[in-house]
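Colleague: Build the full structure now, drawing on both the sequences and the hints.
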Amino acid sequence: MNRAPLASIPVEQVEWLEVVTGGRRWKPYPEYRESNIEWLGRVPVGWTIDRLKWTTAGSRNGIWGSEPDAQNDIICVRVADFDRTGFSVWIDDPTVRAVLPNERRGRVLQRGDLLIEKSGGGDLQPVGVVVQFDHDEPAVCSNFVARVLVPPAFDSRYLVYLHAHLYAGRVNTRSIKQTTGIQNLDATAYFDEGVAWPPLPEQRAIAAFLDGKTRQIDELIKKKRRLIELLHEKRTALISHAVTKGLDPAAPMKPSGIDWLGDVPVHWEVKPLKFLTSRIGSGKTPKGGAEVYVSEGVMLLRSQNVYDDGLRLDDVVFIDEETDAEMAGTRVQPGDVLLNITGASIGRAAVVPPGAPRANVNQHVCIIRPAKVSARFLHAFFCSKAVKDWIRAEENGTSREGLNFRQIGSMDLPVPPPAEQDAITRAIEQATQKADGIRRAAHDAIDRLAEYRQAMISAAVTGKIDVREEGAEA
0 MNRAPLASIP VEQVEWLEVV TGGRRWKPYP EYRESNIEWL GRVPVGWTID RLKWTTAGSR
60 NGIWGSEPDA QNDIICVRVA DFDRTGFSVW IDDPTVRAVL PNERRGRVLQ RGDLLIEKSG
120 GGDLQPVGVV VQFDHDEPAV CSNFVARVLV PPAFDSRYLV YLHAHLYAGR VNTRSIKQTT
180 GIQNLDATAY FDEGVAWPPL PEQRAIAAFL DGKTRQIDEL IKKKRRLIEL LHEKRTALIS
240 HAVTKGLDPA APMKPSGIDW LGDVPVHWEV KPLKFLTSRI GSGKTPKGGA EVYVSEGVML
300 LRSQNVYDDG LRLDDVVFID EETDAEMAGT RVQPGDVLLN ITGASIGRAA VVPPGAPRAN
360 VNQHVCIIRP AKVSARFLHA FFCSKAVKDW IRAEENGTSR EGLNFRQIGS MDLPVPPPAE
420 QDAITRAIEQ ATQKADGIRR AAHDAIDRLA EYRQAMISAA VTGKIDVREE GAEA
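Reminder that position 276 of the sequence shown reads as 275 in my numbering, one-by-one numbering, no gaps.
These are computed hints drawn from the structure, not numbers from a lab.
Please note that the accuracy of each hint is not assured.
[Claimed, not checked] Below, simulated BS3-like cross-link-like pairs (lysine-lysine); rule was C-alpha separation at most 25 Å, straight line:
id: 1; residue 1: K244; residue 2: K233
id: 2; residue 1: K270; residue 2: K384
id: 3; residue 1: K244; residue 2: K371
id: 4; residue 1: K433; residue 2: K244
id: 5; residue 1: K273; residue 2: K253
id: 6; residue 1: K384; residue 2: K273
id: 7; residue 1: K244; residue 2: K384
id: 8; residue 1: K371; residue 2: K273
id: 9; residue 1: K233; residue 2: K222
id: 10; residue 1: K253; residue 2: K387
id: 11; residue 1: K270; residue 2: K371
id: 12; residue 1: K52; residue 2: K176
id: 13; residue 1: K387; residue 2: K270
Modeller: The structure is reproduced here in structure tokens:
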């Protein structure tokens, strides 16, 4: 919570904006003055410098109400309804609560109101995000949210972009208080922060400019995400066919006897996984949980480290030698196939690569040690659509708490001869290598576009670039 706020963008460093503005170099304002606000720096001459509270006409905490009664029902906007990208509110699937007429006074939302999250958040997504209510349906906000009224001298959309800049720069974190497991925003302290703003016509021009440019960036991001989806679908289809039908389209087929598997080549065997492995088991969480994690030592792999395209160790945690000794039964070996067996990531799998450092897994990850099947082929099998569908069906058919070792061991696996397993995995790797490169580039582009998007917002609302002319034309 002590993270320093983001410094403002120097006037002379705006070249990066050319990437998202069609090559246009955005000029600074003709004249600047010091704001005497450390994180803000210089602002255009003519802008007002004052406390954030003067951008509001008051606020009112929300209310949760009671169970719907068909007489006093009204939409209740929760933090879960916040669109954190568009800084607006989703009400496509609204929460309805009963709120009495006297409880609604001062709380019924109007188009253009701002909503600020007062309770919730976490280390990665701290409390304090602000969105704009842009609907005409009668609604109130929940008790974790406050309604903020916008005075006539301010443009609501400009203010939501200003708050987005403050949130991205972690200015809000200075006003967070946390005595229990939940973060609470000290709204008085937050609105006491110093900011700067232009006259109303200029606010409108900046907001119009940002609406147009962020819409363009969002469309580019949407296209990149759709490309990633298509590549994933193509990859999954290719793998599914290869591990269940083989590479020879003329190979004679036979019924596998398994409904979800269908026909397989006649020379393949179909065996339960437990007969093809020397171990099927999971790890455990060390005593003390996260309290025993150390800055370096023996890796503890969790479900968030296991992906179909390999292990991701950006946020891997470590345990000390003593804890590792207590967890000796959860150690992995190169060539083990790791399978997530609980939670939203259930079914993701990865192979422990050769030369991997010593590591353990927690109870959400299953260790599968191949004995009579190639690890690469088994991993490819877990990546196929047929197995993904089987895992979802097995999970839905039980307690939805995840897969158990009995279910995993009884999973039927089509087993080609060893040489054919190697040929299939080589073909898959060659066919997916180019697509994986495109996918990684698309992910990188999305990250970069998101950075540009926030940088443009920050530069415009702090006056580091002059967008008045284009904003007035929007």
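Colleague: For every hint, state whether the structure bears it out.
Modeller: Hint check:
1. K244 - K233: holds (16 Å)
2. K270 - K384: The given pair, whose Cα atoms are some 19 Å apart, holds under the 25 Å limit.
3. K244 - K371: Holds: K244 and K371 sit about 20 Å apart, inside 25 Å.
4. K433 - K244: The given pair, whose Cα atoms are some 23 Å apart, holds under the 25 Å limit.
5. K273 - K253: Roughly 23 Å between the alpha carbons, so the hint for K273 and K253 holds.
6. K384 - K273: holds (21 Å)
7. K244 - K384: At roughly 13 Å apart (the allowed maximum being 25 Å), K384 and K244 satisfy the hint.
8. K371 - K273: Holds - the C-alpha atoms of K273 and K371 are around 10 Å apart, at most 25 Å.
9. K233 - K222: Holds - the C-alpha atoms of K222 and K233 are around 16 Å apart, at most 25 Å.
10. K253 - K387: holds (23 Å)
11. K270 - K371: With a Cα-Cα distance of about 11 Å, the restraint between K270 and K371 holds, given a limit of 25 Å.
12. K52 - K176: holds (19 Å)
13. K387 - K270: holds (18 Å)
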